[in-house]
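Build the complex from these two chains, which are given one at a time in their own frames, with help from the hints.
Going line by line, the protein sequences match chains B and G. Following our numbering, the numbering of the first sequence begins with 1 at its first residue and continues without gaps. Following our numbering, the numbering of the second sequence begins with 1001 at its first residue and continues without gaps.
Possibly wrong hints are sitting among the right ones.
Said to hold, decoys possible - Here are some chain B residues the structure puts well away from chain G; computed CB gaps all over 12 Å:
| no. | residue |
| --- | --- |
| 1 | Ala2 |
| 2 | Lys11 |
| 3 | Lys15 |
| 4 | Pro18 |
| 5 | Asn24 |
| 6 | Ser27 |
| 7 | Gly28 |
| 8 | Glu52 |
| 9 | Arg64 |
| 10 | Glu68 |
| 11 | Lys71 |
| 12 | Thr76 |
| 13 | Pro81 |
| 14 | Glu83 |
| 15 | Asp86 |
| 16 | Arg109 |
What the hints assert, rightly or not - Looking from chain B toward chain G, a few residues come up when the C-beta cut is under 10 Å (computed):
| no. | residue |
| --- | --- |
| 17 | Tyr35 |
| 18 | Glu44 |
| 19 | Leu45 |
| 20 | Val55 |
| 21 | Ser95 |
| 22 | Phe103 |
Derived from the structure by calculation, the hints contain no laboratory data. Each residue gets a CB set at the ideal place from its N, CA and C atoms; glycine is no exception.
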Amino acid sequence: EAGVVQSPRYKIIEKKQPVAFWCNPISGHNTLYWYRQNLGQGPELLIRYENEEAVDDSQLPKDRFSAERLKGVDSTLKIQPAELGDSAVYLCASSLDPIAEAFFGQGTRLTVV
Amino acid sequence: RKEVEQDPGPFNVPEGATVAFNCTYSNSASQSFFWYRQDCRKEPKLLMSVYSSGNEDGRFTAQLNRASQYISLLIRDSKLSDSATYLCVVNIGSNYQLIWGAGTKLIIKP
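With the rest of the complex left out, here is chain G (with noise of 0.2 Å):
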């Protein structure tokens, strides 16, 4: 079982729509938690962090399950430009190792 898993998609989802995707990590000593997007041929880039209230930031809501082992990334409204690939970090142990999930690439259809 890999560290973290993505379903790398493709979610194609129509304009205005809401769209939510998970991803699970195995070690349950993981600390810190955040979402990344990155365009094509992009770098990627920090959307949200993950905090275990979870957090909202406009359209997007971000939670944490510690229980099962996954957070969440919900997006509302979904506009074209949100089409990315959507990546899930987790930081787990006493050496902080960043352990990067492979993706889950969103398409926004009008």
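Chain B extracted, bound-state conformation (with noise of 0.2 Å):
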């Protein structure tokens, strides 16, 4: 069975400029979460989705990232203007419902410059 599956792997972007994350879940998988990692820390939560709603977006900074998950499967994170300090590694995972373990892509290494 496939894995949870994102793209780009990596994505180098100026400053000012957009840039969107695609993540395609595990199948069957209703919870969906976006995360932003920096290193040396654990996941940050950005958002998290029960199917096509998103339950807790409380720590995704609004005025300039979003995210939508239409249809309940696959969902893009995107940030719009970039600012240097979004360099980070963006996650996605699902899990069948919001108390099983979730899965992780590979993670989308984003550098802003």
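Laid out in structure tokens, this is it:
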């Protein structure tokens, strides 16, 4: 069975430019997470979806970040405009339900220059 | 106080030794607990869930102490390949928030 698929793996952009990340969760997983991870730190939740509904977006910087999960399957995370401090690894994860273990994609390493 | 706390390490341990880490959590309503392993520049991968009765998987043993609000991970007969960062995760509250620790770095030396 395929795992969580993310693209792109790496992205380098100039500040103030937009960027988008894509995630395809494990089939049948209703819960989808977007995390941001900086070096030496644990993952920081940006947003959690239950099916197509965003149930926890309290940590999402809504002035520049947006996310969607149309049809409750694939999801995209967008940053516009990007800032230097947005450089990090963006991880997507999915789980069967919110109390089950989460499985991660390989992440997108974003560098803003 | 952070909601989930771990000793960042690094723990430098000789091959074959036994090593243990703890992870403390502050919310007594926490419902589920996990240990993840993360290799350098890789994504976190589930190592094991932590059950109330404790659980064991080969050389790895996880324990939950609800009274003192911590979970532990014990690694016996450590291997070079065990070198990684170990992250604990706690699921809390009615909104099922997953709170991650910052991880404990383990280095196994030959």
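Results of checking the hints against the structure:
1. Ala2: Answer for B/Ala2: holds, closest chain G Cβ roughly 15 Å.
2. Lys11: holds, 15 Å
3. Lys15: holds, 24 Å
4. Pro18: holds, 24 Å
5. Asn24: Correct as stated: the minimum Cβ-Cβ distance to chain G is 15 Å, above 12 Å.
6. Ser27: holds, 18 Å
7. Gly28: Non-interface label on B/Gly28 holds, nearest chain G Cβ at 17 Å vs cutoff 12 Å.
8. Glu52: Its Cβ never comes within 12 Å of chain G, the nearest being 17 Å, so this holds.
9. Arg64: holds, 23 Å
10. Glu68: holds, 21 Å
11. Lys71: Fine: 22 Å to the nearest Cβ keeps B/Lys71 off the interface.
12. Thr76: holds, 19 Å
13. Pro81: For B/Pro81, whose nearest Cβ neighbour in chain G is about 27 Å away, the distance exceeds 12 Å, so it holds.
14. Glu83: Given that every Cβ of chain G is farther than 12 Å from that of B/Glu83, nearest at about 23 Å, it holds.
15. Asp86: Consistent with the label, B/Asp86 stays out of reach of chain G, its closest Cβ about 18 Å off (over 12 Å).
16. Arg109: violated, 8 Å
17. Tyr35: holds, 8 Å
18. Glu44: B/Glu44 check passes; min Cβ-Cβ to chain G is 8 Å, inside 10 Å.
19. Leu45: holds, 7 Å
20. Val55: Nearest chain G Cβ about 7 Å off; hint holds.
21. Ser95: It holds, given that the least Cβ distance between B/Ser95 and chain G is near 9 Å, below 10 Å.
22. Phe103: holds, 7 Å
Consistency with the previously given hints fails for number 16 only.
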